[in-house]
Amino acid sequence: MGIEGIGARVVRKEDKRFITGGGRYVDDMVVPGMKHAAFVRSPYAHAEIENIDLTKAKGMPGVIGILTGKELKADGIGNLICGWMIHSKDGTPMKMGAWSPLAIDKVRYVGDAVLIVVADTKGQARDAAEAVEITYKELDAVTEAVDALKPGAPQVHAESDDNLIFDWEIGDGPATDAAIAKAAHVTKVKIHNNRLVPNAMEPRAALGQYDKAEDHYTCWTTSQNPHVARLVMSAFYNVAPENKLRVIAPDVGGGFGSKIYIYPEEIVCLWASKKTGVPVKWVADRTESFLTDAHGRDHVSEVQMAFDADNRIIGLKVDTIANLGAYMSLFSSAVPTYLYATLLSGQYAIPAIHGNVRTVYTNTAPVDAYRGAGRPEATYLLERTMEIAARELGVSPAELRRKNFVTSFPHQTPVIMCYDAGDYGASLDAAMAASDYAGFERRRAEAKARGKLRGIGMSCYIEACGIAPSQAVGSLGAGVGLWESAEVRVNAVGTIEVLTGSHSHGQGHETTFAQLVSDRFGLPMEQVSIIHGDTDKVQMGMGTYGSRSGAVGMSAIVKALDKVEAKAKKIAAHMLEADESDIVIEDGALKVAGTDKTIPWFQLALAAYTAHNLPQGMEPGLKEGAFYDPSNFTFPAGCYICEVEIDPDTGKTAIVQFVAADDFGNIINPMIVEGQVHGGLAQGIGQALLEGTSYDAASGQLVTASYMDYTMPRADDLPSFVVSTTVTPCPGNPLGIKGCGEAGAIGSPPAVMNAITDALGHEDITMPATPHKVWAAAMKH
Amino acid sequence: MSEVSLAVNGRTVTGTVEDRTLLVHFLRENLGLTGTHVGCDTSQCGACVVHVDGKAVKSCTMLAVQASGSTITTIEGLADGADLHPMQAAFREHHGLQCGFCTPGMIMTATDMVRRHPEGLDEATVRAELEGNICRCTGYHNIVKAILAASQTMQKADGAAQAA
Numbered sequence: 001m002g003i004e005g006i007g008a009r010v011v012r013k014e015d016k017r018f019i020t021g022g023g024r025y026v027d028d029m030v031v032p033g034m035k036h037a038a039f040v041r042s043p044y045a046h047a048e049i050e051n052i053d054l055t056k057a058k059g060m061p062g063v064i065g066i067l068t069g070k071e072l073k074a075d076g077i078g079n080l081i082c083g084w085m086i087h088s089k090d091g092t093p094m095k096m097g098a099w100s101p102l103a104i105d106k107v108r109y110v111g112d113a114v115l116i117v118v119a120d121t122k123g124q125a126r127d128a129a130e131a132v133e134i135t136y137k138e139l140d141a142v143t144e145a146v147d148a149l150k151p152g153a154p155q156v157h158a159e160s161d162d163n164l165i166f167d168w169e170i171g172d173g174p175a176t177d178a179a180i181a182k183a184a185h186v187t188k189v190k191i192h193n194n195r196l197v198p199n200a201m202e203p204r205a206a207l208g209q210y211d212k213a214e215d216h217y218t219c220w221t222t223s224q225n226p227h228v229a230r231l232v233m234s235a236f237y238n239v240a241p242e243n244k245l246r247v248i249a250p251d252v253g254g255g256f257g258s259k260i261y262i263y264p265e266e267i268v269c270l271w272a273s274k275k276t277g278v279p280v281k282w283v284a285d286r287t288e289s290f291l292t293d294a295h296g297r298d299h300v301s302e303v304q305m306a307f308d309a310d311n312r313i314i315g316l317k318v319d320t321i322a323n324l325g326a327y328m329s330l331f332s333s334a335v336p337t338y339l340y341a342t343l344l345s346g347q348y349a350i351p352a353i354h355g356n357v358r359t360v361y362t363n364t365a366p367v368d369a370y371r372g373a374g375r376p377e378a379t380y381l382l383e384r385t386m387e388i389a390a391r392e393l394g395v396s397p398a399e400l401r402r403k404n405f406v407t408s409f410p411h412q413t414p415v416i417m418c419y420d421a422g423d424y425g426a427s428l429d430a431a432m433a434a435s436d437y438a439g440f441e442r443r444r445a446e447a448k449a450r451g452k453l454r455g456i457g458m459s460c461y462i463e464a465c466g467i468a469p470s471q472a473v474g475s476l477g478a479g480v481g482l483w484e485s486a487e488v489r490v491n492a493v494g495t496i497e498v499l500t501g502s503h504s505h506g507q508g509h510e511t512t513f514a515q516l517v518s519d520r521f522g523l524p525m526e527q528v529s530i531i532h533g534d535t536d537k538v539q540m541g542m543g544t545y546g547s548r549s550g551a552v553g554m555s556a557i558v559k560a561l562d563k564v565e566a567k568a569k570k571i572a573a574h575m576l577e578a579d580e581s582d583i584v585i586e587d588g589a590l591k592v593a594g595t596d597k598t599i600p601w602f603q604l605a606l607a608a609y610t611a612h613n614l615p616q617g618m619e620p621g622l623k624e625g626a627f628y629d630p631s632n633f634t635f636p637a638g639c640y641i642c643e644v645e646i647d648p649d650t651g652k653t654a655i656v657q658f659v660a661a662d663d664f665g666n667i668i669n670p671m672i673v674e675g676q677v678h679g680g681l682a683q684g685i686g687q688a689l690l691e692g693t694s695y696d697a698a699s700g701q702l703v704t705a706s707y708m709d710y711t712m713p714r715a716d717d718l719p720s721f722v723v724s725t726t727v728t729p730c731p732g733n734p735l736g737i738k739g740c741g742e743a744g745a746i747g748s749p750p751a752v753m754n755a756i757t758d759a760l761g762h763e764d765i766t767m768p769a770t771p772h773k774v775w776a777a778a779m780k781h
Numbered sequence: 001m002s003e004v005s006l007a008v009n010g011r012t013v014t015g016t017v018e019d020r021t022l023l024v025h026f027l028r029e030n031l032g033l034t035g036t037h038v039g040c041d042t043s044q045c046g047a048c049v050v051h052v053d054g055k056a057v058k059s060c061t062m063l064a065v066q067a068s069g070s071t072i073t074t075i076e077g078l079a080d081g082a083d084l085h086p087m088q089a090a091f092r093e094h095h096g097l098q099c100g101f102c103t104p105g106m107i108m109t110a111t112d113m114v115r116r117h118p119e120g121l122d123e124a125t126v127r128a129e130l131e132g133n134i135c136r137c138t139g140y141h142n143i144v145k146a147i148l149a150a151s152q153t154m155q156k157a158d159g160a161a162q163a164a
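Protein chains in written order, with UniProt numbering: chain A, 1 to 781; chain B, 1 to 164.
No wet-lab data here; the hints were simulated from the structure.
No residue lacks a Cβ here, since even glycine has one placed at the ideal position from N, Cα and C.
One should not assume that every hint holds.
Unchecked claim - Partial list, computed: chain A residues near chain B (C-beta under 10 Å):
no.	residue
1	Tyr-25
2	His-505
3	Ala-682
What the hints assert, rightly or not - Here are the simulated SDA-like cross-link-like pairs (lysine to any residue), alpha carbons at most 20 Å apart as the crow flies:
no.	chain 1	residue 1	chain 2	residue 2
4	A	Lys-780	A	Arg-444
5	A	Lys-13	B	Ala-79
6	A	Lys-122	B	Ser-2
7	B	Lys-145	A	Val-656
8	A	Lys-16	B	Ala-79
9	A	Lys-122	B	Leu-31
10	A	Lys-652	B	Glu-131
11	A	Lys-16	B	Ala-89
12	A	Lys-190	A	Lys-13
13	A	Lys-122	B	Thr-61
Unchecked claim - Partial list, computed: chain A residues near chain B (C-beta under 10 Å):
no.	residue
14	Val-11
15	Arg-12
16	Pro-203
17	Gly-506
18	Phe-721
Take the sequences, apply the hints, and build the full model.
Right under this line is the structure:
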């Protein structure tokens, strides 16, 4: 390991611009003639649009155009789609309700976009939007999935008469029922996984520019995957053919899943630019973000975990209802199915599993992947159940888990996944040692003397990252492949540009990816530039989500680097009159091993482009591209231990210690990996303690639609974290990487809730465990 | 419309603005100082913090006309030429940022925090003082580390300046 190579704690290259105010986010973009948009949105959760009167609004100062859904449809702009087909267990396809980018005759949630106003300034656009007069006929609304399934519930879409989107299953039902029937003990738990709002700090934004002379569109957008945005807007929404559409995702201020999807606003801004003849910029305010960013989680489940007399798990049965909101967002169907139920085996050898998932329409914001996406729901369900089972069985939660761990690999679960490598005992041991688990009862007694309730809880999570082989996801219903692409361009002076289809919105790719290249050729990192986020520059890409940029994105770079290295060695062998197999690359030079014959990297690069002395028949240049399709999911896993202290008089929960021991496989930059864990933990702890998304059941209004109402984790809600890693390299990719972006958010909620319920002495509390709820629960103690 | 005149990052600037124009919009849209960000609209997130006459202020909470006559420092004006301010350097050194969107506000809040605590800072104080700044990426762990480290650097520098 060099000071800048793989494994080094290199400070980030991209930081310079961010700490000096030089970041370039979509709202910072200004193009000539640019005007501003405001969307008029439904104030009702469910209503018919009876009339739209634009007379007054059109006369407002600065108004350039006001465009409606009818005009959008007349121009052939398509409906939004869900890109992952799921079939119900009876073989029928999921029931996808029509989602027009601008509502035409009906609105289905508060915030549903109805029309766009374009004006000279943002203020004028908003003033005119206020002057639009729409007559609605309000309809009854339903916000909870369980209620939406009841007979007589308001019907959200014509395509589903009972609000059911699909009723899907996985695993072996009869075998699981048989296991439960013969079990020595069955732990039964009802699990509620609270709805969350992702809340990237940069609100979503879009700037659409139509160039009439070239008949060409450019869209600057807050996207985690600009190439996917281009593909979907072109192939499904008829905005423009791919070769006439450039999508740029510049600096993006956090995503956490919410910026994967293609939303109505970017489509409408592009279309509106053509209609009005001016570039159109829209930037969400925070309440618009709360109302319309895809939300996360929102599951209710019933769980039965069956044990034999030796406390081994012999069966697991799960029945889940998942709220998908008013429309099916781009990957919404995959989250509560293949990203969730396939993880129901956890870290455990469970011979029989059956999962049943019903997904449901309600009059709420669409729900899709949010940091972890399905895996936090599976982990919360399993790890709460394990802890409760240990309490019921009167055994140590750690030892119950250890007894049931998968210990030999590969391990085929009953729910599709084949775990390739791991050492779950190692991360459990590491976390227990770091948390002084053995000394807890002494700390509990000491806290009790101070009038505080102290509790400890653990969570042993596993997740699946990188997503998967394209052929496999295709067979499961995905509408896209899940490869990644890279191009490595060695310039004639030896500097290197790497063009990657991954997208960084905080993950530090400009540093980590450069470390990889620096390590390979022994070049200083400053000679390596990472280019991403622009479909005109980067050849192709699938973007960043599912902790895939390391395991899949960097693997594509490795493949391209392999090709560059092979060609460079051929050239060097020719120039140094040596055998190709004797050429080594180190310290920025190509050398003939065991001799003093050497050629500096920059000289070799120049030779590749002058092409004066290349091997016979070789093409000039030193630039290679590659696509990498993963061979399997990767399986990060670990153990988190949380210790809390509750003040029973106020219900305030203090996290007094949080320990994380993760196995991410090999690590390129430990500093960045630790940062990813810290951030994930904060989001998971936020879910457990603070973050609740509340719709008023009667009106369907989002009650928590600002930072005054939705409790974001702040610095004084959190402790400093104790994080460490254990390593079992991933055998499935060339770098042995598993991925680290989501683990913290996946593993932490059950650890917190297990600690709180340990302190309370009973299980009767749901997330978020707010002071009021904890105080009420403590009264039962 | 109103005339405003203020000193921003050492330069006197004037402009004609709608009365309702917020200071943050004047900085971003009239002056092109886009390092100051808008993250919430309710004065909660702190992405818009700048220094007004030496004190940290949420620039989404102040009208441009209210700021007229003031001296403003934004994130673009914090470094001393090519030399980063110690707080900027500490955020980089300790990985106190990821997506970078909250970072300018965090840094402007943090430098003011150090100024207001000549007795020095501890972790609990830093966390309490960050109440008005939200970060969704870092879990605050490394932001707290960075501020504590920069606080020491800045105090040493102050001590050295006073000794000299």
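Now for the hints, and whether the structure bears them out:
1. Tyr-25: holds, 7 Å
2. His-505: Since chain B brings a Cβ to about 5 Å from A:His-505, closer than 10 Å, the hint holds.
3. Ala-682: holds, 3 Å
4. A:Lys-780 <-> A:Arg-444: holds, 19 Å
5. A:Lys-13 <-> B:Ala-79: holds, 18 Å
6. A:Lys-122 <-> B:Ser-2: holds, 18 Å
7. B:Lys-145 <-> A:Val-656: holds, 18 Å
8. A:Lys-16 <-> B:Ala-79: holds, 11 Å
9. A:Lys-122 <-> B:Leu-31: holds, 16 Å
10. A:Lys-652 <-> B:Glu-131: Holds, because 17 Å separates the two Cα atoms, which is no more than 20 Å.
11. A:Lys-16 <-> B:Ala-89: holds, 9 Å
12. A:Lys-190 <-> A:Lys-13: The hint is violated at about 47 Å.
13. A:Lys-122 <-> B:Thr-61: At roughly 18 Å apart (the allowed maximum being 20 Å), B:Thr-61 and A:Lys-122 satisfy the hint.
14. Val-11: This interface hint holds because 5 Å falls under the 10 Å limit.
15. Arg-12: Holds, because the Cβ-Cβ distance from A:Arg-12 to chain B comes to roughly 7 Å (cut-off 10 Å).
16. Pro-203: At about 7 Å, which falls below the 10 Å cut-off, the nearest Cβ of chain B leaves the hint on A:Pro-203 intact, so it holds.
17. Gly-506: Cβ of A:Gly-506 sits 3 Å from chain B, so the hint holds.
18. Phe-721: A:Phe-721 check passes; min Cβ-Cβ to chain B is 6 Å, inside 10 Å.
The structure is inconsistent with hint 12 alone, although it conforms to all the rest.
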